[in-house]
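Chemist: One letter stands for each residue in the lines below.
2 protein chains.
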Amino acid sequence: MKKRVGVAILGLGVVGGGTYRTLVDHREFYLKTQNVDIVVESVLDKNTARLKELGVPEECIAGSIAEVVANPAIDIVIETIGGVGVAKEFVMMALKEGKSVVTANKEMISKCSHELERIAKRNSCGLYYEASCVGGVPIIRTLLDGVQANHVLEMMGIVNGTTNYILTKMTQDGTDYQTALKEAQALGYAEFDPTNDVEGFDSTYKLSILSSMAFHTKVPYTKVHREGISSVKVEDITIGKEFGYTLKLLAIGKNTPSGIDVRVHPTFIPDAHPLASVNDAYNAVYLRGDALDDIMLYGKGAGAFPTASAVVSDVIYAATHSEIKYSTFKNNATADSDVKFVTDFSSAYYIRLSVDDQAGVLAKISSIFAKYGISIVEIAQKSKNAGEERVPLIIITHKTHENAMKNAVAKINASDMAAVEAVIRVEA
Amino acid sequence: MKKRVGVAILGLGVVGGGTYRTLVDHREFYLKTQNVDIVVESVLDKNTARLKELGVPEECIAGSIAEVVANPAIDIVIETIGGVGVAKEFVMMALKEGKSVVTANKEMISKCSHELERIAKRNSCGLYYEASCVGGVPIIRTLLDGVQANHVLEMMGIVNGTTNYILTKMTQDGTDYQTALKEAQALGYAEFDPTNDVEGFDSTYKLSILSSMAFHTKVPYTKVHREGISSVKVEDITIGKEFGYTLKLLAIGKNTPSGIDVRVHPTFIPDAHPLASVNDAYNAVYLRGDALDDIMLYGKGAGAFPTASAVVSDVIYAATHSEIKYSTFKNNATADSDVKFVTDFSSAYYIRLSVDDQAGVLAKISSIFAKYGISIVEIAQKSKNAGEERVPLIIITHKTHENAMKNAVAKINASDMAAVEAVIRVEA
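The listed protein sequences correspond, in order, to chains A and B. Last residue of the first sequence? That's 429 in my numbering, and every number before it is there in order. Last residue of the second sequence? That's 429 in my numbering, and every number before it is there in order.
Just so you know, the hints here were simulated from the structure itself, not pulled from any lab data. It cannot be assumed that every hint is accurate.
Note that the list lumps identical chains together, so a pair holds whenever it fits in one copy or between two copies.
Calculated lysine-lysine pairs in the DSS-like style (CA-CA distance at most 30 Å, straight line) [unchecked claim]:
1. Lys-4 to Lys-341
2. Lys-53 to Lys-385
3. Lys-219 to Lys-372
4. Lys-47 to Lys-407
5. Lys-33 to Lys-234
6. Lys-372 to Lys-341
7. Lys-224 to Lys-33
This one's a predicted model, so the numbers in the text were calculated from it and none came from an experiment.
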């Protein structure tokens with residue numbers, strides 16, 4: 002009854018190395034608990050020092066991708082190279098040879114899942130990518146096989162550890178963005194060029210993958226409204242706290258009557274929200290379903306072994322289930338042209354202005370908001386900062402449209418009595 | 002390509018009713034997103050008012066279980082009766098006719114899964130019970146298909162909403178146990194006879210199910226050390242707060258070198274622990290895997306629709322996967338006789354004593370702890386309560402063995418200088 006499954010690993014970086022070690026160290030365990038003997042047949046990486054460090058036996062080192070895909074002993078190919086170039090080329094070669102693919106590559110899946118899933122389907126093999134989102138947390142398995150009885154109404158995720166670490170430092174220690182970023186870089190949480198993380202690209206890829214599954218349609222990452230954290234001021238985090246809010250970089254997906262609303266931006270959430278206490282490099286996805294109500298999955302969003310856990314869980318799933326999971330395309334849908342996306346989304350807002358310290362200013366600002374149909378929940382005037390002439394004024398609004406808010410902000414900035422210093426969206 | 006699946010629902014109580022409505026209301030949705038047409042063929046319940054209230058059509062009302070199991074149009078039987086009597090009898094009849102069973106029945110699964118899984122296997126059908134634990138939260142799917150790459154090292158769960166509601170009230174409002182229980186009863190969170198919840202039986206059933214899966218062996222509920230919350234004093238919750246601890250009724254499972262350690266008892270955890278902010282009727286399971294590190298799943302632990310979400314997700318899983326999941330027995334293991342269980346477990350402790358207000362008492366108590374090898378982390382003497390002669394003394398210990406602690410407590414109680422008023426275990 003034991004099933005033998007041969008795997009190849011392409012790329013022995015952090016995740017590939019963790020995957021190799023996990024598979025080798027747990028072979029007996031999987032044989033015992035899963036009835037499947039998972040054998041690493043082949044490893045492809047040019048870095049001989051790394052191959053040695055991981056103890057890969059000589060006979061398992063592949064000379065080329067051609068050798069890997071031609072090997073009949075290999076059933077599943079694990080791609081841990083990253084990016085869209087070579088990785089995509091190799092994955093396509095594997096799928097075309099009828100080998101199922103397990104990948105941790107969020108950029109490739111976000112950009113090319115349509116194309117890759119079609120090739121997989123044509124060749125009767127599977128494409129699995131649990132590890133592309135939120136490390137070891139089984140969010141994709143949950144969407145596919147755990148909450149599939151629900152219309153998913155909305156999801157909000159902290160899906161990038163680097164930015165969550167930086168925002169946590171800014172919140173807890175009052176350090177500014179640049180200092181917190183440097184700390185994150187020193188600890189290896191942020192890369193030398195942090196753009197991909199701090200400007201929200203990484204979160205955008207993940208949101209496009211997760212919302213495609215949650216909403217049963219393809220959500221291209223280009224449809225995601227994206228703002229990063231590089232212009233977040235610690236001053237706003239501190240003031241937000243006084244209002245009972247915590248600032249997080251959220252990946253938000255909502256299935257609304259007017260279309261799919263997907264966005265990544267710094268967001269204030271109430272301190273009591275389960276996402277508010279997800280700190281440091283931890284990630285979490287909070288979602289609401291129509292039957293389920295709300296759930297949250299929480300865990301390490303990155304790292305060699307947490308991500309390897311997701312890769313290997315997919316390998317076991319692929320090895321023990323004959324049904325192939327075409328994730329977003331179970332129903333063979335190909336035409337997504339009729340899917341609507343929200344462009345002018347709705348949100349509540351936190352706005353910090355600096356205003357002239359004189360009578361009548363508040364009335365004028367209020368009238369601008371009123372003109373654009375924006376209703377105000379709370380106004381607080383703060384004491385003047387040392388050396389500044391203008392007074393900080395904080396406004397929290399009810400839900401309104403993004404465009405109305407943009408117009409109101411432009412109008413205020415065009416006046417000579419006040420300037421908008423910060424606009425941060427608020428989710429409940 | 003569309004697959005037609007007929008289901009029967011046995012018992013239209015809270016969960017059965019929610020399941021019926023979910024299946025009927027989502028039929029088109031499942032057809033579109035899951036490629037499967039799930040048809041409620043038959044419903045068995047004697048309560049005609051309830052059948053009418055839910056709008057069950059005449060032709061779907063079954064006259065007897067015999068009629069249900071004889072119906073070839075029924076592929077899957079959903080059991081939402083509860084308990085071990087009739088429910089088990091009906092489930093066995095369905096399995097023997099080769100019908101897969103989906104159940105929300107934690108008591109039956111905890112007590113009889115061995116027997117039922119054997120019958121299921123003999124008849125090539127499946128037995129699914131996601132809904133037996135933690136409502137709509139897909140903890141069983143996660144253990145089976147999401148984190149199966151890991152040795153699960155430990156799990157800690159808040160798996161009973163009633164007791165979590167009561168403890169949250171005691172913590173936040175300082176109400177005593179009896180008052181909080183009455184509130185919970187008034188809100189429908191606690192039953193008229195609350196024993197099953199407040200004495201930890203419900204948590205014990207769930208822990209036996211979850212730890213069986215997590216540790217790949219049968220963990221009988223009778224092996225679980227069980228203590229409820231009925232003797233918890235609000236005084237200890239308040240003092241615990243001063244030490245940075247939150248009190249929760251935890252279901253704890255650990256896979257230790259000396260055996261499986263399973264217990265349900267009131268437990269102090271640090272305020273910063275993710276489980277500490279799981280309040281009211283919410284549930285959560287926190288677990289650590291050897292690759293994964295730590296994750297937590299959080300959500301509504303009960304209620305008609307959250308539980309129906311789990312039932313229906315199992316139905317869809319059963320309908321779309323030909324592989325049958327014998328949960329704890331994938332490896333055909335039947336002999337569990339070699340599984341060791343820890344009886345004298347280890348824990349850190351919070352101890353509240355009332356001691357004579359005189360010199361030398363502290364030295365004597367310290368020497369008793371020392372005698373039993375119990376090492377003290379922190380001692381705090383509180384001010385005397387009004388009208389009392391003795392002084393409250395709080396001791397927090399390092400990890401020690403339960404039996405050592407019991408002996409020390411007995412020794413102190415046998416003395417005439419002090420009495421132990423409360424002993425609460427502490428987990429980090």
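Chemist: Are the hints correct? Go through all of them and say.
Modeler: Right, here's what the structure says about each hint:
With identical chains, the CA atoms of Lys-4 and Lys-341 are at most 30 Å apart between copies only, with a shortest distance of 29 Å across copies and 45 Å within one. For a Cα distance limit of 30 Å, the shortest separation of Lys-53 from Lys-385 qualifies neither inside one copy, at 62 Å, nor across copies, at 66 Å. Neither within a single protomer nor between protomers do Lys-219 and Lys-372 lie at most 30 Å apart by alpha-carbon distance, with minima of 38 Å and 67 Å respectively. With identical chains, the CA atoms of Lys-47 and Lys-407 are never at most 30 Å apart, being 51 Å at best within one copy and 60 Å at best between copies.
Neither within a single protomer nor between protomers do Lys-33 and Lys-234 lie at most 30 Å apart by alpha-carbon distance, with minima of 53 Å and 46 Å respectively. For the identical chains of this complex, Lys-372 and Lys-341 are intra-copy neighbours only, at 29 Å inside a copy versus 73 Å across copies, given an alpha-carbon limit of 30 Å. Only between protomers do Lys-224 and Lys-33 lie at most 30 Å apart by alpha-carbon distance; the minimum there is 24 Å, versus 45 Å within a single protomer.
This entry does not satisfy hints 2, 3, 4 and 5, going by the numbered hints stated previously.
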